[in-house]
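Number of protein chains: 2
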Amino acid sequence: MGPILQLRHHAAHSSLLFLLPLRDFTPSLSVARAHRYGSPSDYKSAVQELRSLFSEENDTLTIDPEELLLHGGSTWTHLASQPPSVVVFPSNQSDVEKILEISRKYRVPVVPYGAGSAVEGQFNAPYGGICIDLQRHMNKIIKINSADGDCVVQPGISYQELNDELARLGHKLFLPLDPGPGATIGGMISTGCSGTNTVRYGTARAEWFLNLTAVLPSGQVLKTRSRARKSSAGPDLTKVFIGAEGTLGVITEVAVRLAPLLPTRVGMVGFPGVKQAVEAVVEILGEGVVDTIFFKFQGSDVLIAESAKTVETIIKRHGGDALQLATTEKESELLWGARRGALFASMAASGYETPMIYGNDICVPVSRLPDFISECKSLLYEAGVYAPFLGHVGDGNIHMNVVLRDRSELPKMHGLMKKFIWKAIEMEGTCTGEHGVGANKKEYLTTELGVGTISLLRTIKNAIDPLGLMNPGKLYPDELPPLAPFPDPSQRTGELYAPAAGCSC
Amino acid sequence: MGPILQLRHHAAHSSLLFLLPLRDFTPSLSVARAHRYGSPSDYKSAVQELRSLFSEENDTLTIDPEELLLHGGSTWTHLASQPPSVVVFPSNQSDVEKILEISRKYRVPVVPYGAGSAVEGQFNAPYGGICIDLQRHMNKIIKINSADGDCVVQPGISYQELNDELARLGHKLFLPLDPGPGATIGGMISTGCSGTNTVRYGTARAEWFLNLTAVLPSGQVLKTRSRARKSSAGPDLTKVFIGAEGTLGVITEVAVRLAPLLPTRVGMVGFPGVKQAVEAVVEILGEGVVDTIFFKFQGSDVLIAESAKTVETIIKRHGGDALQLATTEKESELLWGARRGALFASMAASGYETPMIYGNDICVPVSRLPDFISECKSLLYEAGVYAPFLGHVGDGNIHMNVVLRDRSELPKMHGLMKKFIWKAIEMEGTCTGEHGVGANKKEYLTTELGVGTISLLRTIKNAIDPLGLMNPGKLYPDELPPLAPFPDPSQRTGELYAPAAGCSC
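So the protein lines, in turn, are chains A and B.
Per my numbering, the first sequence starts with residue 1, numbered consecutively.
Per my numbering, the second sequence starts with residue 1001, numbered consecutively.
Read the hints as simulated data drawn from the structure, not as lab findings.
In this text, all values refer to a predicted model and were calculated from it rather than measured experimentally.
Careful, some of the hints might be misleading.
[What the hints assert, rightly or not] Keeping only pairs whose Cα atoms sit at most 35 angstroms apart, straight-line, the calculated DSBU-like set for lysine-lysine is:
| # | chain 1 | residue 1 | chain 2 | residue 2 |
| --- | --- | --- | --- | --- |
| 1 | A | K140 | B | K1143 |
| 2 | A | K316 | B | K1309 |
| 3 | B | K1044 | B | K1461 |
[Said to hold, decoys possible] So, partial list: chain B residues that the calculated Cβ filter (under 7 angstroms) puts toward chain A:
| # | residue |
| --- | --- |
| 4 | T1203 |
| 5 | V1221 |
| 6 | S1232 |
| 7 | L1237 |
| 8 | L1303 |
| 9 | I1304 |
| 10 | L1379 |
| 11 | L1380 |
| 12 | G1384 |
| 13 | V1385 |
| 14 | G1429 |
| 15 | T1430 |
| 16 | T1446 |
| 17 | G1450 |
| 18 | T1453 |
[Claimed, not checked] Here are some of the chain B residues that sit facing chain A, going by a computed Cβ distance under 10 angstroms:
| # | residue |
| --- | --- |
| 19 | D1059 |
| 20 | G1180 |
| 21 | G1182 |
| 22 | R1227 |
| 23 | A1233 |
| 24 | P1260 |
| 25 | C1431 |
Where is the CB? At the ideal position from N, CA and C, for every residue including glycine.
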């Protein structure tokens, strides 16, 4: 289920808005049942040993209760926090290895932490343990390989910091993945992120991450592959870490592919209805020229004009308004700001005194989007709630931002949102297009991905992390079915048989 | 090591060219040592049982020695074949499940087979067993979802058949991955393929395969995920099968994402040297407009003219010739034909009577390409061989097509090529950019990917296929290091400990 977002007016800064996930966080105990973590005195010893290596004085460790609370839940909430026992701020891979050694020694779980912007309970610490904050000190660019169009970074740098630094140094390159503001490279990998640039550039699952280095809970270090742009050398294990939500190891270094930075203009267009809008987008995508229904055009002036012309022809045919095209990058920024501010605008437009947003991030195949939206709208209308929708039409991704009067409407919404997700899965869609599974969407995963896929995910998890030390309680459904058993190989008595040229039969 | 290609002049059809991998294929026995396959009578029983389900009469099974030979090695060779005991041609997933059940029952290995165009021994059958030919009957398009820009296919269809059928039905969509002619979707996934469209569209590891269904050797069926364009629901296990070379299971269905089919023009330009060519390409890629040094321009006439202008400005600055730009699609076809025929042209140009091509498919980061090529050229010059190079400059991918006078030059070349590959790996490159590992490149994998990655690959392989039934002898290095061991969890006596709000320490 999606997070609950609440609009808060602060007395002193009435312009400050906080998004507050308010839903109660109910941790699963199944992982704890399956694994025996250390005793309270083990936890104590682990913290003691960590303090012999890291310390408050040099800003590499904290047990400050406020910091623990902040690290145990989204910085946008105070209710759902499940704090760790200690936060450590490593500076390099060797530090991470030492932390994981202590985690193993005392059976104390570990939660990797990036920007703290995940919204599905991904970095809550339901069993306490060690939070590894990678943003404070492991946020460096290690090398920029401009001619190769790539760079090597630590996981704690945000894509915005990276792009700013590339611009400052005069490289005409950028990482086009653009999830929530502040997101770190490690978090983007772990969530399998996407954003408003996805139609053109793909998601985190495409080829933006050339390789990564991770420390496994066993202490083993692996670098998934070389820095070559392409390779046919076996399965790319980088991909196993993409979307793994920190459950397999701690990422310590990443080679990131970059795209050429192109001039960009934004355009906007209104339609009489969702159906017409989706049909227009499907046809526009077929021309291979542009990005979203808030259109981002990229390239030289001539290329932009040409693309805009194509889009205009198509949207007119589908009953769209005239295309409002920004003429400068500054105007583009302003127009795009309207898209960015849409969530807050929705809350303001509701007229409610303390409006709350109950959001989600469902995806369905693009062709099903009009049906899906229309069915959900009817249900929401019946429920009598105000619910502006925001979406990435090109990806079939919709955010249903239900604005609630107050918390009393919550239980009704829980049930309704569940219905929406099950409907999306029925339509070959997904319970999460962007936010990830975390602790909140595990219940949908077995149906969405199937028992076979869940079994294989579980097998990989168990092989890498037999003690369940890495970010327990997240991602994997509580009842984990095993891979189908093989007949016992030892029962076979057959001799080694390797015919040189086929079988004699 | 790359395949050996030989030019053959047939008496009757002097225009017919065959590419012949002539290097001796030395199968590793390590897999056989680790696993006990069935006895000769087990193999016999397996074939018997298969014949009760499949038969020569309805074209679903063969034990014809000629067919076995053809299925045990590239169709471009007669020397390296290691034939299976039987070839089965399943028609659907249920057939595949039955075949794998028999494989399990009698401990007879299985080799999936697509177009038979792999060049590294990927579908040789060093232990005999069952070849599953997916191309003959499992080559259907199941559904075209035009509005979603995707389709669902069986693995035995080739990308060319798929694209032809999409064109015939009037869909302005295509799959832009373009490896060797004839390649099937299943083979393209299993090799982690790429091709001349890679700079623009990425490789098989990008987001072209939305999901796949596979039968595991245990009989368990998994569908990796939904048909949504994007999802953050955990790691995408589709990717684990990409590049797995048929060692994890048999793919039975694939959801393929399609791209809009755009008007295309081809342009060509010569440079005084490799260095200038690479520098020009790096700068051109930075503008984000085009594809390769044989340039493919896509889009409307205006877009093509604009892109070509940008390219011309840059290549002039780097000393390139004038850009030869085709003015029609037909001219483009002709010009592109020159690229396609370059390998044969090299053989002809050598003037040797029975020239042999000794090729490879090394990749290095683009910036290292001039150094790499220059070092390799010197070594080849010293060796006194004629060696035109062909490459995908934008990917840092180079094919060194050494033209040998005859087989006597082979041993010298083996040593030289090994040197090239080790040099590439030293430069953060890869032993294979396109062809895959198969039986021939296993020796480089542990160094290129590292012990940690190989261990994890092995762990996944062993979990899915503990009896080593799937395509044995391929991909995994012979000496497989295990994942670092964990201390024994049973030694812990600690109580379950799940602090609600941090540790008391």
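Hint check results:
Proximity of K140 (chain A) to K1143 (chain B) is assessed by CA-CA distance (about 47 angstroms); at most 35 angstroms being required, the pair is judged violated. Proposed proximity of K316 (chain A) and K1309 (chain B) is supported: the alpha carbons are some 31 angstroms apart, at most 35 angstroms. Distance hint between K1044 (chain B) and K1461 (chain B) is fulfilled; the C-alpha atoms sit about 27 angstroms from each other, no more than 35 angstroms. The interface hint given for T1203 (chain B) holds, since its Cβ lies 5 angstroms from the closest Cβ of chain A, which is under the 7 angstroms cut-off.
Taken as an interface hint, V1221 (chain B) checks out: its beta carbon lies about 6 angstroms from the nearest beta carbon of chain A, inside 7 angstroms. Against a cut-off of 7 angstroms between C-beta atoms, the interface hint on S1232 (chain B) holds, since the closest Cβ of chain A lies about 4 angstroms away. At about 6 angstroms, the closest approach between the beta carbon of L1237 (chain B) and any beta carbon in chain A falls short of 7 angstroms, and the interface hint on this residue holds. Hint on L1303 (chain B) holds. Least Cβ distance to chain A is approximately 6 angstroms, under the 7 angstroms limit.
For I1304 (chain B), the suggested interface contact is broken, since its CB lies about 10 angstroms from the closest CB of chain A, more than 7 angstroms. With its C-beta approaching chain A no nearer than about 21 angstroms, L1379 (chain B) sits outside the 7 angstroms limit, and its interface hint is violated. At its closest, the beta carbon of L1380 (chain B) sits 22 angstroms from a beta carbon of chain A; the interface hint therefore is violated under the 7 angstroms criterion. Annotation: interface hint on G1384 (chain B) violated; nearest CB of chain A at approximately 30 angstroms, more than 7 angstroms.
For V1385 (chain B), the shortest C-beta to C-beta distance to chain A is roughly 25 angstroms, which exceeds 7 angstroms, and the interface hint is violated. For G1429 (chain B), the suggested interface contact is upheld, since its CB lies about 5 angstroms from the closest CB of chain A, less than 7 angstroms. Below 7 angstroms, beta-carbon pairs count as interface contacts, and T1430 (chain B) has one with chain A at about 4 angstroms; its hint therefore holds. Given hint, T1446 (chain B) at the interface with chain A, is violated; its Cβ is 11 angstroms from that chain's nearest Cβ, farther than 7 angstroms.
Taking 7 angstroms as the C-beta cut-off, the interface hint given for G1450 (chain B) holds, the closest approach to chain A being about 5 angstroms. For T1453 (chain B), the suggested interface contact is upheld, since its CB lies about 5 angstroms from the closest CB of chain A, less than 7 angstroms. For D1059 (chain B), the interface hint is violated, since its Cβ never comes within 10 angstroms of a Cβ in chain A; the closest pair sits about 20 angstroms apart. Because the beta carbon of G1180 (chain B) sits about 12 angstroms from the nearest beta carbon in chain A, more than 10 angstroms, this interface hint is broken.
Checking G1182 (chain B) against chain A by beta carbon gives a least distance of about 17 angstroms; that is not within 10 angstroms, so the hint is violated. Restraint check, R1227 (chain B) versus chain A: the minimum CB separation of about 4 angstroms is within 10 angstroms; hint holds. Hint status for A1233 (chain B): holds, given a least beta-carbon distance of 5 angstroms to chain A, under 10 angstroms. Nearest Cβ of chain A to the Cβ of P1260 (chain B): about 4 angstroms, under the 10 angstroms cut. The hint holds.
The beta carbon of C1431 (chain B) comes within 6 angstroms of a beta carbon in chain A, closer than 10 angstroms, and the hint placing it at the interface holds.
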